[in-house]
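Enquirer: Single-letter residue listing:
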Amino acid sequence: MPLLEVTELSKKFGGVHALTMVNLQVEKGEVHALIGPNGAGKTTLFNCISGFYRPERGSAVFKGRDITRTAPHKIPRLGIARTFQNLELFRNATVLDNIMLGRYMHKRASFFSEALFLSKAKNQEVEARRRVEEVIDFLDLQPYRDRVIAQLPFGTQKCVELARALALDPELILLDEPAAGLNSEETRDLCFWIEDIKEDLEITVLLVEHNMRVVNEVADRVTALDFGAVIAHGTPEEVQQHPDVIQAYLGEDDGAAASA
Amino acid sequence: MKFKLKKSYMEDLKLFEYKSDMVGYGVLLVFLFIFPSWAGNYWTYNLTLAGIYCIAALGLNILTGYTGMISLGHAAFFAIGAYTVGYMTTILGHSFWIALPLAGFAAAFVGLSLVLPALRLSGIYLAIVTMGFGFIIDQVILEWPEVTGGANGLLINRPTLGPLSLNSDASYYYVVLVMVILFVLLTKNIVRTSMGRAFVAVRDSEVAAQSMGIPLAKVKTQAFTISGFYAGIAGGLFAPLINFIGPDNFTIIESINLIVMIIVGGLASIHGSIFGAIFITLLSEFIRVGKDALPAFLSQQVGFQGAVYGLIIMLFILFEPMGIYGRYLKIKYLFQVFPLYRKDTFRRERKFQKAQRTR
Ligand SMILES: Nc1ncnc2c1ncn2[C@@H]1O[C@H](COP(=O)(O)OP(=O)(O)O)[C@@H](O)[C@H]1O
Ligand SMILES: [Mg+2]
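Chains as they are written, first to last, in our numbering: chain A, 1 to 260; chain B, 1 to 359.
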C-alpha cells in the first residue's frame, strides 16, 4: 500500500479545472517529484492534500486513512508537513520561535501548567528546544537563531520554513518549489538535505520542482501534470523523454515547430 | 557589551537573563514597596490607577499585540469586572475577595460571545464589531439598574482583609501592586511557552499556523477569554479604588485609552504594556491638571484629550513604531556599547518585498 494515494481527484475554481481526475501514488521512503508548467495545478494538489482546499471529487488516502475532508490543522498531526511556494513564515518572530512552533502539536502540558510554568511545562519547553536544536544543526541555522525572519535573506527564510516543517517530525513532507529563488550554492545544499531527509530522517518527500537538475539528482520517481491532468509518471528519465511532457514544456508552437 | 555563555536550554527560559536584571528588578520592587511612604496620597492613588491599567493593558496586548485581533470594546470587559464587584459587594454584601475572581471569570465568559465574530472577521471589521459590543454593554449598564444602579451608579467601599482595613490609598496600593506582579508573571509564562507562540503564529500567518497543527478557533478563543479575564480583574480592582462607578467610566474613550496605552508603550511586549499604562495614566492626569493653564478656546474644546492622544499616537507611529519599549531598548543598548554606538545602528534593514517573491 502506498504511503499516500490520491485517486481521481478533481478541483474546479469557477470555470477553471485546476485538477481533473488526478491519480498519484507516493511510496514510503521515496522522493517523489511533481513537475509541470506554471498553472498546471501542482500547488492546488498540495492544498487538497493538506486540507486547505476541498476537492469536488476523488480522495487522498494517507496510511490507509481518508484525509480528503480533514481540517488543515489536523493534517500535521497525522504526519504530513508542508512548505509553501510563497513562504508562509511568522515574519515578526525569531527563527527559533518559528521552528519551536513546529513542536506545538507535540505539546502535552495543560493551560494551567503553562500559565504557572510548572515543571511539566518547563520540561516540555526544554524537550522541544532540544529537538529544535537538532533541526537547527541539521540545516546549519545556528547563526540565525535569534534573528527576526523579516530581516533574513530569502534563501535563509526558505531554509527556516523547511526547518519548521521538519520540526513537526512528519512521515511525509510536501515541499512546494523548495529551490525557487535559491542561488546555485543554496540549491546544492538543498539537494543534499533532501537526500539526508530521505536517508537519515526516513521521511518520505513529495516535492514540486521546476529545476530539472534538482529533479534528476534527488527524485526517485516523477509525476508530470499539465492543465490539471497527469500526463506522465515514472523515473526521471522516462518522464523527461515522454513526448507529452516535452510538448507541455516546449509549448504548442515550439512543439509543432520541433516536429515539423 | 554583555555576553553570556549559555550552558542549558533552561537559561533561555529564565525570568531574568542576567544577574544585573535581577538586581535591577529588585531595586524597582523596593522602590515600589516604599513608594507610598514618601510620595503622598495623590501620587500613590495615581500609581494605583496606573497599576490597574497595567493589568488591562497586558490583557489587551495579549489579544491585540500578540494575537493580532483589535478590540475597541475593551472598556466593556473592564465594566463587567467593575460591576461584578460592585454588585457582589455593595448589593449582595459578599466579600471583595470572592467577587474579584468572579469579575475576571464573568468578563472572560462574556468575552466568549466575541469569539464567533472574531473567527470570521479581522482588522478593521473586528474593531467595529468590538466597538459595537462596547456600546451594547454601555446600554445594558443603563437599562439594568437592579444590578448596575443604572445612571445613578454604584457606591463601592474599599475591601478589608481579615481584621485589616484597606481603606487608605496606601493599603489599597499594595493590593494592586501584588496583583500587577502576579499578572506580569502570568503574562510572562504565557508568552514564553507554546501558548504565547501560538498567539504570535495566528497573528503572523493563519495559513502557516494551521499547517503547524494550531487550531485557529481554539487559539483565538483562548486569546479573547484570557484578555477578557485580565480586563475583568482590572475593572474589579478599579471599582473600589474610585469608590463610585457609573456608565461614564466605561465609554469608548476608555477603550481607546487602552489601545493607546499598548501602541504607545509597545505592541506585543510586557514592558510596553506597563510603560504605556503608566505613561497614559500620568498623561491624562497632566492634561486634566494642565488644561487650566491653557487658553480657554483650547482647554474648553470638546475632545481635547482625544486630540492629544491622536497626536501622540501619530508621533509614535511615525518616529517610534516600537513604542516606549523600543526607545527604552535603544537607550539601554546605547549604554551597553558606549562609545561604539553609531547613528544608524538601528536603521531598519531592507525588507523583502512580497512582490519580489518568485511565484
Ligand atoms: N484559490 C484559487 N482561486 C482561483 N483559482 C485558483 C486558485 N488556486 C489556483 N487557482 C488556479 O488553478 C490553476 C492551477 O494553479 P496552481 O495549482 O497554483 O498551479 P501551479 O502550482 O502548478 O503553478 C491556475 O489556473 C490557477 O489560476
Ligand atoms: Mg505552484
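FYI, nobody ran anything at the bench for these hints, they're computed from the structure.
Note that the structure is a prediction, hence the values are computed from the model and not measured.
The reader is advised that the hints may include incorrect statements.
[As the list claims (entries may be wrong)] Quick list of the computed label-pair ranges, beta carbon to beta carbon:
no. : chain 1 : residue 1 : chain 2 : residue 2 : range
1   : A       : GLU202    : B       : PHE135    : 54 to 60 Å
2   : B       : PRO101    : A       : HIS210    : 55 to 61 Å
3   : A       : SER110    : B       : GLN336    : 35 to 41 Å
4   : A       : ASN92     : B       : LYS7      : 26 to 32 Å
5   : B       : GLN336    : A       : ARG147    : 14 to 20 Å
6   : A       : ARG69     : B       : PHE244    : 55 to 61 Å
7   : B       : ILE317    : A       : SER110    : 46 to 52 Å
8   : A       : ASN92     : B       : ARG288    : 35 to 41 Å
9   : B       : LEU182    : A       : ASP200    : 42 to 48 Å
10  : B       : VAL178    : A       : SER110    : 52 to 58 Å
Backbone N, C-alpha and C define an ideal beta-carbon position, used for all residues, glycine too.
Enquirer: Confirm or reject each hint.
Expert: Structure-based check of all given hints:
1. GLU202/A / PHE135/B: 54 to 60 Å: holds, 58 Å
2. PRO101/B / HIS210/A: 55 to 61 Å: For HIS210/A against PRO101/B, whose Cβ atoms are near 59 Å apart, the range 55 to 61 Å holds.
3. SER110/A / GLN336/B: 35 to 41 Å: Since the Cβ atoms of SER110/A and GLN336/B sit about 39 Å apart, the hinted range of 35 to 41 Å holds.
4. ASN92/A / LYS7/B: 26 to 32 Å: holds, 29 Å
5. GLN336/B / ARG147/A: 14 to 20 Å: Given range 14 to 20 Å: holds, Cβ gap about 19 Å.
6. ARG69/A / PHE244/B: 55 to 61 Å: Once the Cβ atoms are compared, 56 Å apart, the range 55 to 61 Å for PHE244/B and ARG69/A holds.
7. ILE317/B / SER110/A: 46 to 52 Å: violated, 39 Å
8. ASN92/A / ARG288/B: 35 to 41 Å: holds, 36 Å
9. LEU182/B / ASP200/A: 42 to 48 Å: Holds, at about 47 Å.
10. VAL178/B / SER110/A: 52 to 58 Å: violated, 25 Å
Hint compliance for this structure: hints 7 and 10 are not met, and every other hint is.
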